[in-house]
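Colleague: Chains as they are written, first to last, in my numbering: chain F, 37 to 312; chain P, 3 to 261.
Just so you know, these hints were derived from the structure itself, not from any lab. None of these values were measured; they are calculated from a predicted model.
To give an idea of the interface, some chain P residues facing chain F are shown, with a C-beta separation under 8 Å as derived from the structure:
# : residue
1 : I57
2 : L59
3 : D95
4 : A98
5 : P113
6 : R162
Some, not all, of what chain F presents toward chain P, calculated at C-beta under 7 Å:
# : residue
7 : Y204
8 : A207
9 : V210
All C-beta atoms in this analysis are idealised placements derived from N, C-alpha and C, irrespective of residue type, glycine included.
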Amino acid sequence: MSLIARFSRSPEGLFGAAVLAVLIAVALAAPLLFPRDPLSIVGPALTAPFTDWALPLGTDRLGRNVLAELAHGSRASLLVGFAATLAAILIGASVGTIAGFAGGLVDEVLMRVVDAFQTVPGFLLALAFVSVIGASLPVVVLAIALGAWTGPARLARAEVLSLRERDYVAAARVIGMHPAEIAFREILPNALAPVLALSAVIVAGAILTEAALSFLGLGDPNIVTWGSMIAEGRAVLRSSPFLSIIPGLALVVTVLGVYLFGEGLSEALSRRQVRL
Amino acid sequence: MTALLVAEGLGKSFRRGGARLVAVDGASFSVDGGETLGIVGPSGSGKTTLARLIIRLIDADTGTLRFEGADLLALRGKALRATRKRIQMVFQDPLAALNPRASVADVIGDPLRIHRLADRANRPAAVAHLLDRVGLPAALASRAVHEISGGQRQRVAIARALATEPRLIVLDEAVSALDVSVRAHILKRLVELQVESGISYIFVSHDIAVVRAVAHRIAIMDHGRIVETGPTAQVIAAPQSATGKALIAAVPRLMPAED
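Next up, chain F with everything else stripped away, as it sits in the complex (with noise of 0.2 Å):
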């Protein structure tokens, strides 16, 4: 049975997929049906949401629309989500195959680094990261990676601790295989089933950290974030909640449609493993 057979039997899985594909259209089509800037002014300030069908979401306290600024948000959280982790797989499972392949010292220093990255708080991470070298899409992605790769590197590790001692492994070595591609090409992409679907754990967490920062004004500041969004309806809290709300809930759907997706892709990849 394929992996999309076996991730299509698990409903959480299903629901999860149906969620990040419907949050994936709306952010690649924000462009087309927002066109105008987020950020400018389009009618009064606070309009209630389902007051004005022109603006359904209604607006914030400087009289933006607020569903165009949650379709453009979505592509910030998405954009940094994706990329932190993508980020955070590659350096956590360079570190780990090598660290397990390796054996010996460099294992031991490479995982007393990981030991360090791991005992500080990874958001505390980001914000010392941020606020030293600045906000921006780029830094924020790297700062939210730097404490999502110890993770993915211990898993690495574990993985290829047990497969370095296959036969196949011995076998390329005995046909002259150089070490450095027996840990890349031959042992890397066995080890990275289960890396992957950690992946969803930390996509979700890196959206919820952006979303943090951003709230704590160190998002990059030229694009409208759902973090943003919540730390402008905060002034408006008792007055106009839902503007604090409606992004709030943007958050909490995504990184449940996030989170549902990993659990389903996991089980499809676990089931793969007990029946070989």
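Fit chain P to the known structure of chain F by using the hints.
Modeller: Only chain P this time, still in chain F's reference frame:
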């Protein structure tokens, strides 16, 4: 004729818990060009450790190993990888010994690529030729390793070992995991390849009946030591060591025919 491979006093021990486990204890033997040396012994006698010492998958604690006159144990890094071209190995479990993600063309093409024996354009033809040498159709090249049968996998593993035209192939229980008819075919093909190209084999097995069919000489191992060495017919007919006697007595089909 000078010997292709000469081992003297080869030894390896492992630490397990606090105790020292001697896996191979002072093994000495030689293999000539075009010859098959069978290494037989009960399980746990150190056969596989010895095979892995010869192929330099693990490092020996003591002893010397000379291959084509050069000190094999002194080789490191790049020089060792280059020498691997001339000594190859076939493993027991063909499923475990092939990367599950690879295609047949990758598996057989890798040694050709690594030792620059065929460039990208010539590789498909070279792979097809190697498949033909082990009696497999060229069309198999595009298949994934996990799609083909166990017997086909072991032939692919043998084709990979043959790719660099080695002087010596170490076969560690290479036919033990296969069913009887496939086993007979592969043994026959191995002998034919030896006649064609003068290759040497070290054939490691617990099954003396299989070794008898292919080996010119037999070395019997027990508790990490080689307890007896001699021409196959002589060892089978009149084993000198207790282990040899026990191994041969354990093959009931064999004895009436030999008597």
